[in-house]
Amino acid sequence: MPEMTEADIQTARDTASMVLEQVKNGEPMEILFARYSDEQAPDTIPVPFDPKR
Numbered sequence: 001m002p003e004m005t006e007a008d009i010q011t012a013r014d015t016a017s018m019v020l021e022q023v024k025n026g027e028p029m030e031i032l033f034a035r036y037s038d039e040q041a042p043d044t045i046p047v048p049f050d051p052k053r
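Take the sequence shown: its position 16, counted from the start at 1, is 16 in the numbering used here, and no numbers get skipped.
Wrong hints could be hidden among the right ones.
[To be verified] Simulated restraints on C-beta separations:
{"hint": "1", "residue 1": "Val23", "residue 2": "Asp43", "range": "18 to 28 Å"}
{"hint": "2", "residue 1": "Pro51", "residue 2": "Asn25", "range": "18 to 28 Å"}
{"hint": "3", "residue 1": "Arg13", "residue 2": "Pro51", "range": "34 to 44 Å"}
{"hint": "4", "residue 1": "Val47", "residue 2": "Ala16", "range": "23 to 33 Å"}
Just so you know, these hints were derived from the structure itself, not from any lab.
Yeah, the Cβ is synthetic: ideal placement off N, Cα and C, and Gly gets one too.
Work out the full structure: start from the sequences and follow the hints.
This is the structure in structure tokens:
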């Protein structure tokens, strides 16, 4: 996994702020999802389940 730099973190914060403003201004979530989602990212992450716990 590549290391994240301060610039990467700032870019993520800037993007999140921009998306939040668009949500507050009524932009449909479907449009934001299409614009900002990563098709390579998994929809789910498997989590091991131990019924004995």
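Consistency of beta-carbon spacing, Pro51 to Arg13, with hint 34 to 44 Å: Roughly 40 Å apart at Cβ, these two residues keep to the hinted range, so it holds.
Satisfaction of the hinted span 18 to 28 Å by the C-beta atoms belonging to Pro51 and Asn25: This hint is violated: roughly 46 Å between Cβ atoms.
Range hint compliance [Cβ, Val23 to Asp43, 18 to 28 Å]: The hinted range 18 to 28 Å holds for Val23 and Asp43, with Cβ atoms some 21 Å apart.
CB-CB spacing for Ala16 and Val47 relative to the 23 to 33 Å hint: Given a distance of about 25 Å, which is inside 23 to 33 Å, the answer is holds.
Checked against the numbered hints above, the structure violates only hint 2.
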